[in-house]
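**Q** Sequence:
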Amino acid sequence: MPILTSLFPEQNTAHNVNEFTLKIILREMKKAYHLMDEFNFNETKNNNKSKLEKIHLFDELNYKLIYEHFLIIECISLSFLNKNPEIRCSKIKSRIRIGMTNWVDEEINNQKLKDCLKEYHVLTGFERKKTIKYEK
Numbered sequence: 055m056p057i058l059t060s061l062f063p064e065q066n067t068a069h070n071v072n073e074f075t076l077k078i079i080l081r082e083m084k085k086a087y088h089l090m091d092e093f094n095f096n097e098t099k100n101n102n103k104s105k106l107e108k109i110h111l112f113d114e115l116n117y118k119l120i121y122e123h124f125l126i127i128e129c130i131s132l133s134f135l136n137k138n139p140e141i142r143c144s145k146i147k148s149r150i151r152i153g154m155t156n157w158v159d160e161e162i163n164n165q166k167l168k169d170c171l172k173e174y175h176v177l178t179g180f181e182r183k184k185t186i187k188y189e190k
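Each number in the numbering used here corresponds to the 1-based position in the sequence shown with 54 added.
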């Protein structure tokens, strides 16, 4: 399933889609469809555009409310050691994503880990740039 983003080609998200993220994408698209369908029905019935503000379709994702367990990995690179710390952290992020995908495909006691998980995926849009002062 192609995922179209404005970040092409180095941050294309099509390679991030697996069977679990596909379920999440489809679930969220259905939820958005039903919200918009309800909005369109109410708009034709009442002709009230203020209902769109109550939908909260584009609110920021609060992953703490959605997921019971999550892991936050922070990449810190000292800029005086690396010329491009952002590039280094993005490479590490790719390695972690690939490692997690391979990890759920492993078998332990004749059972794959992904069969024990309801869903999992990597949230990559939560990046912050921090500056750390180096003092001797």
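Just so you know, the hints here were simulated from the structure itself, not pulled from any lab data.
Incorrect hints may have been included.
Unchecked claim - Derived pair list, reagent style BS3-like, types lysine-lysine, alpha-carbon separation capped at 25 angstroms:
#1 Lys147 with Lys85
#2 Lys118 with Lys147
#3 Lys172 with Lys85
#4 Lys166 with Lys147
#5 Lys84 with Lys118
#6 Lys147 with Lys137
#7 Lys145 with Lys84
#8 Lys147 with Lys172
#9 Lys118 with Lys85
#10 Lys77 with Lys168
#11 Lys166 with Lys84
#12 Lys168 with Lys137
#13 Lys77 with Lys137
#14 Lys84 with Lys147
#15 Lys137 with Lys166
#16 Lys166 with Lys85
#17 Lys77 with Lys172
**Q** Now tell me, hint by hint, if it's right for this structure.
**A** Each hint, compared with the structure:
no.	hint	result
1	Lys147 with Lys85	29 angstroms, violated
2	Lys118 with Lys147	21 angstroms, holds
3	Lys172 with Lys85	19 angstroms, holds
4	Lys166 with Lys147	24 angstroms, holds
5	Lys84 with Lys118	21 angstroms, holds
6	Lys147 with Lys137	18 angstroms, holds
7	Lys145 with Lys84	33 angstroms, violated
8	Lys147 with Lys172	23 angstroms, holds
9	Lys118 with Lys85	19 angstroms, holds
10	Lys77 with Lys168	14 angstroms, holds
11	Lys166 with Lys84	29 angstroms, violated
12	Lys168 with Lys137	38 angstroms, violated
13	Lys77 with Lys137	39 angstroms, violated
14	Lys84 with Lys147	29 angstroms, violated
15	Lys137 with Lys166	41 angstroms, violated
16	Lys166 with Lys85	30 angstroms, violated
17	Lys77 with Lys172	10 angstroms, holds
Hint violations for this structure: numbers 1, 7, 11, 12, 13, 14, 15, 16, all remaining hints satisfied.
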